[in-house]
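Student: Generate coordinates for the entire structure from the input sequences, incorporating the hints supplied.
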Amino acid sequence: MNTETIAPREYQIYSGDDLRTNVLEISMGPQHPSTHGVFRMDVSLDGETVVKLKPVFGYLHRNHEKIAETTSYLGSMPYTDRLDYFCSMTNNWAYALAVEKMAGLAVPERAEYIRVIMAELTRLQNHASLVGFLTNDLGASGTPLLYAIREREHILDLFEWASGARMMCNYMRFGGVRNDLPSGWLAQCKKVVDDFPAFMDEFETLLTGNEIILSRCQNVGVLPRDLAINASITGPCLRASGVDYDIRKVDKYGVYDRFDFKVPLGSVGDCYDRFMIRLLEMRESVKILKQALATIPEGPVNDSKARNFRPKPAEAYGRIEGPKGELGFYLVSDGTPKPHRYHVRPPSFINLTVLEDMCLGQKIADAVIILGSIDIVLGEVDR
Amino acid sequence: MIDLAPILAKFPTVKHDAAANALIVPQALALEVAKWLRDDPAYRMDYASNVAGVDTLPVEKKTKVKQPDGTEREVVTKKPGSMEVVYHLYSMALKHGPITIKQVTTRENPAVTSLTPIYRGAEFQEREAFDLFGIQFEGHPDLRRILMWDEFKDFPMRKDYVEPDDYEYEPTPHDAVLAKAKAHYPKASTSTEAAS
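Going line by line, the protein sequences match chains Z and R. Residue numbering for the first sequence follows my numbering, starting at 4 and increasing by one per position. Residue numbering for the second sequence follows my numbering, starting at 25 and increasing by one per position.
Worth flagging that the hints you see were computed from the coordinates, not collected in a lab. From a predicted model like this one, the values you see are computed outputs, not experimental measurements. Please note that a few of the clues may not be correct.
Stretch by stretch, here's where chain R covers chain Z in the computed footprint (C-beta under 8 angstroms, at least three residues) [said to hold, decoys possible]: (1) 160-173; (2) 340-351.
Using 20 angstroms as the maximum straight-line C-alpha spacing, the simulated PhoX-like pairs for lysine-lysine come out as follows [unchecked claim]: (3) R:K103 / Z:K255; (4) Z:K341 / Z:K315; (5) Z:K341 / R:K119; (6) R:K183 / Z:K69; (7) R:K183 / Z:K265; (8) Z:K315 / R:K103; (9) R:K119 / Z:K252; (10) R:K103 / R:K88; (11) R:K85 / Z:K315; (12) Z:K255 / Z:K265.
Ideal Cβ positions, reconstructed from N, Cα and C, are used throughout, including at glycine.
Tutor: Below is the structure:
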């Protein structure tokens, strides 16, 4: 061994400063598990950072509006269930409200209360499931989601009992609801509503302070207040950006002016705000439900004359605060039994407008959470 | 109900459709009216809620009118068709609305002014009206099909749209579908063909 050649060596350490990356275009979906259905994102990535994102949809398009224009007004009531299949009760209500506005139909008191109860139960199960799916996207595979689905099942049992179907309820009619509540239903509903806060306490203890949720949701996908208004964002996404706009308070449709509830608002407009707004809104829904269940009057639930009617030539735009945002129906009648124009204003379709704005500059893994926090249902986006 | 008189006074070419309580805005003025409605402190219609295309076919109605001499004469009344885009504007700042504005165009060459530069929320909905009605929105930043696929040729929400007759398979066709389906059935072999 020649010891003269043994000496310390110098090494060059590669800094990586001259490393060049190419922009990579990825088609995320339509079979990606995070897209909540057949939805595709055309993403351009610089490293892991999103530089461009175009949402692509229409895979479930069946031209709902055209089909509704070939049938009677009542004929498309069951089809509205299939728009946002998580919230068929609120879909029914929005459509019934637009027709009632156009034809000038009155709704009996008891039916208004039943509608409020059904809509708030729908909001509870939608928000609970959304939070479950969002944590699923964050990697908490299944556990919070199954807790939410377990609670949702109690509510779907109530829907089935009243309407005959868990999800495709087809329960509302023009001028009321299809049938009165079965005996014992209100007592069971009270029990479900009284038990719900315990689930929420458990849920919030598990999730709100969780370090992974905090670090992955806070300051991710910030939606500025002005952009949210200009881009017609509605529902929890809008209120997470700090805009006080809840159609239950603004329009006071139904009997919402009789209940005492608050509108939770976010301050930053990030994913964490959108997540928390849902949890807080559930608390307010429980409040409304308790008041409605305590004060629901007796009486008729529909106007039997309002079947198969033929509205006068008129047009109307009716809207409600659905769990996902403003759900509206624009109807034009030409005096025939079929609508001349039937248009749905789907909240999750329009809320997707700002998906690119929220994702730019974020990591690709965060795009999944941002999409999850918008809360889309493809049955409604594609129609 | 929002008072529309100040708008009509400021823009004399804007017409009022009393039946629908809507403003019919000429296309050259659409951007200006929308911008004014959005920024005027009395209105502040900062939120474009709903955008919908409406297609109306021309109507020909024949009515028989009795002449003074006792004979009947047929009178034909024609109503031209039209293509409309309807916007429902609300105010989030002042919590009022809606103001309905309409842009009316022809069925033959439908083109209106896009309001997406004023209301970002109209972006996808105008794309939808372009996709399903074939209405051109001038000034739209990204006018592509949104629900139908890019290669699709026709506009399915138009009232005179005829769907292709192989559009669906039904195991037990009836009525109009049966008549269409018959065209696709294999021809039954006749006795003369069998003899030869």
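Student: Each hint should be assessed against the structure and marked as holding or not.
Tutor: For each hint, the structure was consulted:
Residues of the region 160-173 of chain Z lying with their CB closer than 8 angstroms to a CB of chain R number 0, which falls below the three-residue condition for coverage. With 4 residues having a Cβ less than 8 angstroms from any Cβ of chain R, the region 340-351 of chain Z passes the three-residue criterion, so the hint holds. Between R:K103 and Z:K255 the CA atoms are separated by roughly 39 angstroms; this puts the pair beyond 20 angstroms, and the hint is violated. Between Z:K341 and Z:K315 the CA atoms are separated by roughly 11 angstroms; this keeps the pair inside 20 angstroms, and the hint holds.
For the hint pairing Z:K341 with R:K119, the CA-to-CA distance comes to about 33 angstroms; that exceeds 20 angstroms, so the pair is violated. For the given pair, R:K183 sits about 9 angstroms from Z:K69 by alpha-carbon distance, which is consistent with the 20 angstroms threshold. Only pairs whose Cα atoms come within 20 angstroms are accepted, and R:K183 paired with Z:K265 is rejected, the gap being roughly 45 angstroms. In summary, the hint linking Z:K315 to R:K103 is supported, as the alpha carbons are separated by about 19 angstroms, within the 20 angstroms threshold.
For a cut-off of 20 angstroms, the pair hint linking R:K119 to Z:K252 stands: about 10 angstroms separates their Cα positions. The hinted pair formed by R:K103 and R:K88 meets the criterion: a straight-line CA distance of about 17 angstroms does not exceed 20 angstroms. Annotation: proposed proximity of R:K85 to Z:K315 holds, straight-line Cα distance about 19 angstroms (limit 20 angstroms). Distance restraint check for Z:K255 and Z:K265: the Cα-Cα separation of roughly 13 angstroms lies within the 20 angstroms cut-off, and the hinted pair is therefore satisfied.
Of the numbered hints stated above, those contradicted by the structure are hints 1, 3, 5 and 7, listed in ascending order.
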